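Sequence order for the protein chains is A and B.
Numbered per numbering that gives the first Met the number 0, the first sequence spans residues 0 to 339.
Numbered per numbering that gives the first Met the number 0, the second sequence spans residues 0 to 157.
Worth flagging that the hints you see were computed from the coordinates, not collected in a lab.
Note that this is a predicted model, so its numbers are computed, not measured.
Where a beta carbon is used, it is the ideal one built from N, C-alpha and C, also for glycine.
Do not rely on the hints blindly, as some may be mistaken.
[What the hints assert, rightly or not] Derived pair list, reagent style SDA-like, types lysine to any residue, alpha-carbon separation capped at 20 angstroms: (1) A/K50 / B/N118; (2) A/K50 / B/L115; (3) A/K50 / B/C100; (4) A/K322 / A/H3.
[Said to hold, decoys possible] Per the computed footprint, the stretches of chain B lying under chain A, defined by three or more beta-carbons under 8 angstroms from a beta-carbon of chain A, are: (5) 29 to 36; (6) 98 to 104; (7) 131 to 145.
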Amino acid sequence: MTRHRGRGMASINYPIGMNLGGDPSQALVHSNPSGKFTVALSSIDLGQGMKSVTRQICAETLGVPVEDVYVDTADSDTGPHCMGSFASRGTHRVGNAVMAAAREARGVMMEAAAEELEVNAADLETDGRGNIHVKGAPHRSISTKDVAIAAQFKQGKTISGRGIFLVPLSNVDPETGEMSPTTCYAHACLVAEVEIDDETGEVAMVRMDSAYELGRALNPRLVEQQLVGGAWMGVSHALYETPEPYYPDPVHGPRDFVEYLMPGPGDICPHDIAVLERPAPDGPFGAKGPGEMCANPVLPAVANAIFNAVGVRIDDLPITPEKVLRAIKAQGGARPQARR
Amino acid sequence: MSKIPLQFRHNGRDVAIFVDGGTNLLVALRELIGDMTPKFGCGQGGCGTCSVLVDGELHLSCLTLAETVAGRTIETLDGMKQGPNLHPLQRAFADNFAAQCGYCTPGMLMAAKALLDRNPSPSRDEVVEAISGNICRCTGYEPIINAILAAAGGRVSA
Numbered sequence: 000m001t002r003h004r005g006r007g008m009a010s011i012n013y014p015i016g017m018n019l020g021g022d023p024s025q026a027l028v029h030s031n032p033s034g035k036f037t038v039a040l041s042s043i044d045l046g047q048g049m050k051s052v053t054r055q056i057c058a059e060t061l062g063v064p065v066e067d068v069y070v071d072t073a074d075s076d077t078g079p080h081c082m083g084s085f086a087s088r089g090t091h092r093v094g095n096a097v098m099a100a101a102r103e104a105r106g107v108m109m110e111a112a113a114e115e116l117e118v119n120a121a122d123l124e125t126d127g128r129g130n131i132h133v134k135g136a137p138h139r140s141i142s143t144k145d146v147a148i149a150a151q152f153k154q155g156k157t158i159s160g161r162g163i164f165l166v167p168l169s170n171v172d173p174e175t176g177e178m179s180p181t182t183c184y185a186h187a188c189l190v191a192e193v194e195i196d197d198e199t200g201e202v203a204m205v206r207m208d209s210a211y212e213l214g215r216a217l218n219p220r221l222v223e224q225q226l227v228g229g230a231w232m233g234v235s236h237a238l239y240e241t242p243e244p245y246y247p248d249p250v251h252g253p254r255d256f257v258e259y260l261m262p263g264p265g266d267i268c269p270h271d272i273a274v275l276e277r278p279a280p281d282g283p284f285g286a287k288g289p290g291e292m293c294a295n296p297v298l299p300a301v302a303n304a305i306f307n308a309v310g311v312r313i314d315d316l317p318i319t320p321e322k323v324l325r326a327i328k329a330q331g332g333a334r335p336q337a338r339r
Numbered sequence: 000m001s002k003i004p005l006q007f008r009h010n011g012r013d014v015a016i017f018v019d020g021g022t023n024l025l026v027a028l029r030e031l032i033g034d035m036t037p038k039f040g041c042g043q044g045g046c047g048t049c050s051v052l053v054d055g056e057l058h059l060s061c062l063t064l065a066e067t068v069a070g071r072t073i074e075t076l077d078g079m080k081q082g083p084n085l086h087p088l089q090r091a092f093a094d095n096f097a098a099q100c101g102y103c104t105p106g107m108l109m110a111a112k113a114l115l116d117r118n119p120s121p122s123r124d125e126v127v128e129a130i131s132g133n134i135c136r137c138t139g140y141e142p143i144i145n146a147i148l149a150a151a152g153g154r155v156s157a
């Protein structure tokens, strides 16, 4: 028995959002008489941080503290339409819609404040701490709460805004096949190092090093969390999980977590990540989306690392010990490639 | 089948319920006591999200017959917070971004508590071993391991 180490890399271009009949999302923002704001969405946060990021985007655009914004999501009865949380589109599409809605609401808020302070709205600015004051004269100030109360009870105005962000459908040119399926791409490169036991065919992860270019990281801790966790979803697809192990034959499909394998805490390895921020021109505050791309480069990098380690090319997933072992046997033993 | 009367201590409170023979502890906790913090994941001990402490020892409540805990002490995530304050482990999970969808979190926290209660300063390998019966889909485990080590080292903002 010998253990062979190998290293493989992969780079990806990742399109943000999708192109199935246009890709829209909507948001509504309104102030409550307390001066706090509610963002109504039907977009879903399933743990990836949509609520946190849209809250930050709304607060930043309105010019109010992040604590003053509440995001109400995931009820399609009360929230405006969203295509959904997939295709890494949340931050980019929903974020842009929230930004547009917050911009409109901010316009009304500044008009209402101008009326109270008896100045021109163009002369006002927000301090980000819940106050609006005359530029250069911070003492001529009114709190967003007092503006909200005045709008509600004196002026009869709703401080509210509507936002939609739509990437229109791009049709395929019938002559050339050309199309522009998306407006914004993120990029990544990942190097995976594996160790393979040539007696069992088992592949163990040794380390990963990666670089992700994903526009502005609006919440760096959430981005890091996504990249760390998502890489293991990639490893899982590369080495462990499948609903149809003998695809297209559906037999022996897993029925539970004992048969549908995933990495456990003992299977993980060090992973160094570099995040490169190159703001996207059409993203909210320059953001793209770190969603699915965190898993994507892992699969080809692991497959390449396996080739580098034992000289076998396995082109169907997951790369189970059985497949590795059969391939090693078929070529008459492990053939480690030049170490890169 | 006749009902079996059952008494045990649940998060510092004595409870008495009637269970059908064969009822598992997870169902007893969720449906009869109303403690929804232990989650149903796989129902066969493969994922760990139903983990609870029985007399301080980590158990999979989905594989534990309710009648076997008569007179014993059950701790679940519902009893973890200390008055109005989060338990240091809960604080550490929040500070270290150790949850995304959150479905594994109750089991992870109970597994971590079982470890720290008997070994207040574990090594990284001991932490990995302690949560090895728990599956997490989102985090890649690293933030969870770091959170448990932070709680053990007292490196948690109150």
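Comparing the hints with the structure gives:
no.	hint	verdict
1	A/K50 / B/N118	violated (37 angstroms)
2	A/K50 / B/L115	violated (32 angstroms)
3	A/K50 / B/C100	holds (13 angstroms)
4	A/K322 / A/H3	holds (16 angstroms)
5	29 to 36	violated (count 0)
6	98 to 104	holds (count 4)
7	131 to 145	holds (count 13)
The structure is inconsistent with the numbered hints 1, 2, 5, although it conforms to all the rest.
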